[in-house]
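Q: In case you want the letters, here they are:
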Amino acid sequence: MGRRKDELEKSKSSSVIQPVEEGRRSFLKGSVMLAGAAAAGGSAGLAGAAQAEPLPIPESNKSMGREIEPTAYGMPSKYEAHVTRNRTDVFKNKQHWSDWSMTPLQHQKGIITPNGLFYERHHAGTPDINPQQHTLVVHGMVKQPLKFSMDDLMRYPSMSKFYFMECSGNGLTDWKAVKSTTVQQTHGLLGCAQWTGVPLSWLLDEAGLADGAKWVLLEGADGSAHLRSIPIEKCMDDAMIVWGMNGEMLRPENGYPLRAFIPGWEGNVSVKWLRRIKVGDKPWNARSETARYTDPMPEGKWRQFSFVMECKSVITSPSGGMKIPGPGRVEIEGFAWSGNGTIKAVDVTFDGGKTWREAKLEDPVLDKCLTRFRYSWDWDGGPAKIASRAVDSTGYVQPTVADIDKSRAIVGFVQHHNGIFPWSVSSSGEVANAIA
Amino acid sequence: MLSRKWTAALVALTSAGLVAGAAWAGPGVKYGSPVSEADVAALDIDIRTSDGAGLPPGKGSVAEGAKIYAEQCVDCHGEKAGGGSVYGPMVGGVGSFLTDKRKVTPGSMYPYAPILFDYMKRAMPMTAPQSLSDNEVYALSAYILNLNGLVKDDAVMDAKSLAAVEMPNKNGFVVDNRPDTKAERCMSDCKPIKE
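Those sequence lines, one after another, are chains A and B. The numbering used here numbers the first residue of the first sequence as 1 and each following residue consecutively. The numbering used here numbers the first residue of the second sequence as 1 and each following residue consecutively.
It is worth saying that the hints were derived from the structure and are not from the lab. Nothing here was measured: the structure is a model prediction, and the numbers come from that model. Here a beta-carbon is modelled for each residue, glycine too, at the ideal position from N, C-alpha and C.
Okay, the calculated bits of chain B under chain A, using three or more residues with CB under 8 Å as the criterion:
#1 44 to 57
#2 103 to 110
#3 113 to 120
#4 170 to 177
Here are some chain B residues the structure puts well away from chain A; computed CB gaps all over 10 Å:
#5 67
#6 68
#7 161
#8 166
Build the full structure now, drawing on both the sequences and the hints.
A: Here you go:
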């Protein structure tokens with residue numbers, strides 16, 4: 001252990017990008033950033049030190065490791081204990097049943113959010129549902145009302161799809177004032193997973209839609225019996241009923257054993273713990289689609305059924321709370337996504353939006369899915385303002401908050417923030433929220 | 001309007017062969033078991049709030065509601081729904097949407113009064129949802145509406161009278177008009193992100 005501590009200390013003292021609040025625990029990420037900086041000749045320090053001192057044999061080479069347990073659910077390394085989903089701590093709720101927690105996007109590798117880090121939003125806490133006792137009902141304007149056990153549903157030929165999911169409230173604390181520090185706080189109501197289940201259309205077809213069917217109610221088996229009305233066209237298009245998430249059954253907090261998944265739309269319509277599907281001819285106009293999840297508009301109005309999460313992007317490294325060690329090569333990376341299709345391009349700026357350069361998109365680039373972008377930036381050590389701007393397959397270009405402000409009323413608790421999100425870089429390398 | 005827009009979009013996408021659902025042929029098997037609407041009556045709690053469809057028999061008065069509120073609701077929501085230890089006020093706010101401090105309450109926000117019934121029946125009280133009787137929910141609806149000045153002190157709410165209450169924000173909603181921005185992909189000499 002002594003040796004490992006030495007390595008940590010060395011990492012801390014070397015000049016690498018580090019989340020300031022996490023200090024030395026981010027040494028793994030730091031070492032990656034260091035390699036680039038050293039190669040670019042921009043950073044003195046460890047490169048010289050490493051040559052001066054022969055590398056020791058790691059302690060782990062000189063002992064037996066842990067034996068395999070007879071049965072176990074594997075957990076991350078203890079050195080990754082700082083990578084956690086965090087309950088909202090900028091906008092604080094007074095109770096934690098109708099509350100939310102946020103994904104640590106700054107630590108995510110690739111495009112898939114691990115299940116234990118996937119953000120949460122519940123309206124009455126997480127129920128524990130026995131799948132053997134769970135029943136899904138399909139009724140209302142159908143020819144034959146049906147019920148399905150979990151065993152029934154899992155007999156169908158299933159399909160697995162990669163999709164992002166984002167809460168409509170993602171970013172609501174930071175429209176016109178700086179409230180948050182990290183990208184977890186500004187953008188962490190976002191995740192991406194491979195979802196396994198069946199098309200919702202199969203179940204609706206099996207029940208047989210009656211003439212005039214236009215809207216479908218989805219209702220959960222949680223303590224809020226959360227419900228949303230969904231237009232029939234979306235239900236018959238790409239909507240799914242899912243039980244699998246990233247190769248395993250859904251976690252309880254993500255809807256175990258069964259949830260709806262409505263690709264590209266605000267997360268709360270993908271009703272968790274799904275127990276009932278009712279077909280009707282009009283929307284229900286529930287509290288969750290009138291007094292909540294609606295957007296303030298000019299002249300005192302509210303926009304309703306604003307389902308789609310429009311094209312958006314954010315730089316995740318470097319991002320708020322991190323520190324760039326010094327001038328030289330900085331690998332910019334981030335996520336782009338669109339509820340309306342695929343990402344076509346991402347541009348990055350280093351001067352607050354006066355000039356933009358096209359970033360590289362990393363495969364795979366999938367429909368309604370997180371897409372990785374990156375750009376190798378040579379930082380001259382001066383103050384900078386960095387941001388990303390995504391373009392999707394419809395040609396839509398991610399707007400600024402100022403653009404959005406022209407058509408909506410940004411007052412109070414405002415949903416659907418897909419504005420360009422700048423980070424400032426100080427001459428000492430500190431990265432901070434620069435939305436205002 | 002929404003469904004016209006969706007239909008148009010769907011036609012466009014289908015003709016381009018881009019709709020995933022269109023490619024999802026049926027499974028060729030059926031595993032659902034028939035049920036009757038009577039079988040699912042206990043689960044069938046939704047109210048179509050625009051016209052009150054689904055509101056059950058029963059009734060409750062403002063006075064009854066005040067009593068139930070004092071027992072079941074006041075701890076979190078405060079005296080006379082003025083805001084309590086956990087939640088903000090459920091009264092007032094009418095007219096505030098034209099200011100930059102919009103006060104969202106059932107009185108100022110709900111376009112239809114039966115939303116009160118639907119939400120309280122399914123989700124309240126938070127510690128024991130779906131425990132209130134239909135009469136109790138009607139009474140609480142009457143009480144909250146009365147505190148908001150929307151029904152009289154002697155009002156009794158039932159399926160008919162609750163659906164008939166005129167809410168101030170009835171015409172306060174607009175349909176989704178996005179994309180509502182027209183950002184361009186400027187690459188040089190652009191207007192900065194923040195002016």
